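Undergrad: Spelled out from the first residue to the last, the chains are:
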Amino acid sequence: MKIAVCIKRTPDSESRFRIAASSTAIDETGLKFDIDDFASYAVEVALQLNEKQGPGEVVVYAVGPDAVQETLRKAMSMGVDRAVQLKTDSVPYDGLAVAKALAAELAGGGYDLVLFGKHAFDTSSGVVGTATAELLGIACVTAATKLDIANGKGTARRELEGAAETVEFSLPAAVTIDEGIARPRYPSLKGIMAAKKKPLETKPAQLGDVRITVKALQLPPDRPAGRIIGEGAAAVPELIRLLQTEAKVL
Amino acid sequence: MGTSNLVFAFILTLGAGFFALNVQRLVGYMQIGKSDDRSDHPLVRLKNVLTIGIGQTKIFRDPVAGAMHATIFWGFMVLTAGTVEILIQGVFSKFSYALLLPKLVYQLYAMSQDGFAALVIAAIAFAFYRRLVLHPKRLEGDKLEHTDALIILGMIGGLMVTLLLTNACQYLLDPSAIGPEKFVSRQLAGLIAPLDPAPTRLFTVFWWSHALLILTFLNYLPYSKHLHVATSLINVYLSNTSGPGQKGVMRPMDLEADVDHFGAADVEDLTWKNLLDGYSCTECGRCTAACPANLTGKLLSPRKIVINSRQRLMEKAPVALGDHMEFMHPALVHGEGDDAGATTLTEVLEHRLLDTYITEEELWACTSCRACVQECPVSIDQLDIINEMRRNLVLTESRFPEEIQPAFESLERNGSPWAFNPGDRALWAEGLEINTMAELMERGERPDILFWVGCMGSFDDRAKKIAVAFARILKACNVNFAILGQEEHCHGDPARRMGNEYLYQMLAKDTIGTLDRYEVKTIVTSCPHCFHQMGNEFPQLGGNYEVIHHSTYIERLLQENLVPLQSDHGQRLTVAYHDSCYLGRYNDVYDAPRETLKRSLPVINLVEPPRTKDRGLCCGAGGGRMFMEERVGKRINVERTEELLATGAETIAVACPFCMTMISDGVKAVQSDVPVLDIAEVVAGQLA
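From first to last, the protein sequence lines are chains W and Y. All the letters of the first sequence, read from the start, carry residue numbers 2 to 251 under my numbering. All the letters of the second sequence, read from the start, carry residue numbers 742 to 1429 under my numbering.
Everything labelled a hint here was simulated from the structure, so no lab data went into it. Among the clues, some could well be false.
Stated by the list, open to error - Here are the simulated BS3-like pairs of lysine-lysine, each with C-alpha atoms no more than 27 Å apart in a straight line:
#	chain 1	residue 1	chain 2	residue 2
1	Y	Lys1262	Y	Lys1250
2	W	Lys249	W	Lys53
3	W	Lys3	W	Lys191
4	Y	Lys1262	Y	Lys1205
5	Y	Lys1205	W	Lys33
6	Y	Lys1339	W	Lys33
7	Y	Lys1216	Y	Lys1262
8	W	Lys191	Y	Lys775
9	W	Lys197	Y	Lys1250
10	Y	Lys1339	Y	Lys1206
11	Y	Lys1250	W	Lys198
12	Y	Lys878	Y	Lys1375
13	Y	Lys1339	W	Lys191
14	W	Lys154	W	Lys101
15	W	Lys191	W	Lys53
16	Y	Lys988	Y	Lys1262
17	W	Lys53	W	Lys154
18	Y	Lys1354	Y	Lys988
Stated by the list, open to error - Short derived list, chain W residues pointing at chain Y, Cβ under 10 Å:
#	residue
19	Gly31
20	Asp35
21	Pro185
22	Arg186
Quantities reported herein were computed from a predicted structural model and do not represent experimental measurements. Every residue, glycine too, gets a C-beta built ideally from N, C-alpha and C.
Assemble the whole structure, with the sequences as input and the hints as a guide.
TA: Right under this line is the structure:
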């Protein structure tokens, strides 16, 4: 089986973010970047499927500047066979533009399965996976929490509000991966060394028109400081009053 | 030369030859291990042989068993001289040391033979009593081990008895041959005389029994755990566990090496020295009896680690060396744990030390406290094997408890084992007016010391108070110091201890880069792990600094009367100090924290738990255990806390932020309200 995984490089979610002087992007100084969490689940799922299905190929794709090469190497250190960088100066905000670049590249690849993260931590748009599927004209299942391939068909589980559904789909297909599906493996030193020798191809990205851009970024307002109303049972009536009148949660 | 001399010469040649063959075989097996240069520092090594080996210093850590063993050991040393004489006499009947030695020396020698033979008999009697009646827990082994032990004791006893009886008969036959200095033999002769006043036959029987027993014993050794008789002194000489070099330093590792796997998964990945450790282990169990993991019901037993290495060597080496059938007849019969039971070549090749003999669970239970290494009377390094096997698990196989993956990832991304924002590293120091190295550099100044705060001191709410307390002491003493602030990040020691050498070297090299950029010379830290890593292991990567633990530094300040202390000494406080492993067993710092407490609290009542100083019980956090769940058995920190509270302490003092967390949790777990304080907090609390 041949599986493609499209990954994105995003900053560590534990970081403290500042807005850059342009006010349309975050200040990247001091930030640590890695494979986006959802994309790393997709890589793990691809590797597990490949191990289960027997000899096949797993290829990672990323759109972006040369910095994404580090991210692609990381995926290869986990066990991915080879990587392709679709080179751009920066990653456009417009998911459809990215999807066009990916679809143009993936179209002739002969992939049975194309995996994505459900969405990326930095934009939370969730456009690229579905848009790429549409451009490739293949089935698309979103937010899978379980994925199996057998007899040329795929089954996926999706968590809904208060229920879960299992869907079946024909191949080739695109699947976007939700959290909880698999724990991404930690690359061994052996894997890291091997990744240095694996092929990483760089091609210019055939981006579509970029029709959406960020105009302004704002940080959430600082949380107001907590207030101590009093101690013990005596403080309870006042607390209830405030929760009713001020916080309006009761 | 009579017929019997010729017969004996033949038997002697046969016995010695067979032993030599076994020696050659066992030495050959060791060569499947990796190389390791131990030719350095011959004088230090000789000193170890004289103290730990001949002096039996470690044996005496258990005074009763120690006296027993030392008697047998010294007896053996002395009696070996006599054995040589007897063997020569077997071939040349007229031979005697009396021909070579001055009379007085010979008489002393003769007396020593008789005296020690009697002493060894007494010690052997006690050893039997201990094995058969007392049943000490640490000697619990399987049936093979037990049988082996009894055979050995029986043989040694037999050797002594036949020696004395031979002398006694000889005395009856020729009173001039046995002088009064052989007082025991002469007494014994009095018992034989009524049975047979001229015991020619008995003499022959006892002489031959003794001589044959010597050769039997010699050739039994290579098939027994008792092989340690032959290898211990050599092992002590070649060991690094008591120096030369800094104790507890992990082996350097070349990550660029072109190898197909890293660390140790099988015996070929260990060094020949690790394999010699296996030959030297007589399964006394002192290591396992001191192991905090084993004490609290975990699967790990350092003794088993060593025995398993030997067991696997006996199985694998013949195959690896081309003798394809010999693995069926293992040279050392005894193993520990389930027998892998290889009966075919394929099975031998499918087995490996990891998984077949030593499980992942055992390896991850280790707190790296070094208690096993400290206890071993023959300087075996159990921890070295564990560390190498952890390296294989992480670097080659990426197998480890899932809880430590976030620690690895956070070390990589955030520079600390916890997912704290690196930008918050110096928040603890806000408002304290503490300079950073960068600020001083900008002003063209240089501090006398760098205060290395560590990840705990920077991020952990409890440990931040220790950082503040130590900074207050430094300020009160007008010490010119600085911190790295946001430029500090973990040096990678936790990663190294958990087997992730790659991550460790990345972080350590980066740290060394930062320290060298500021031309740092002296570092003071309140964390024993930082202290050990930066002071003792950084030199492997080219980082050479004077690193001082804060207990030593504060003690110096107190000694020089630089600390402005309150004149009111307050109430007499009973304090128990808990030794940190990386301060104590790794670096021999036992007195500085205690002195610091005594000097800052002049009316202190300092109490010690039974397990203290180099016998101190680990808090349970070392070796990366801080980041893992403790699901099996009793919690180590609770066990330790109970020991500390049993001293009647009103305060527990620690000198390590990891111990602080573990003991504080332990105090909470047993619902006590005894405060746990770092020594810096005790001193800061006494500042004027």
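Undergrad: Which hint numbers doesn't this structure obey?
TA: Numbers 2, 6 and 13 - these are the hints that the structure violates, sorted from lowest upward.
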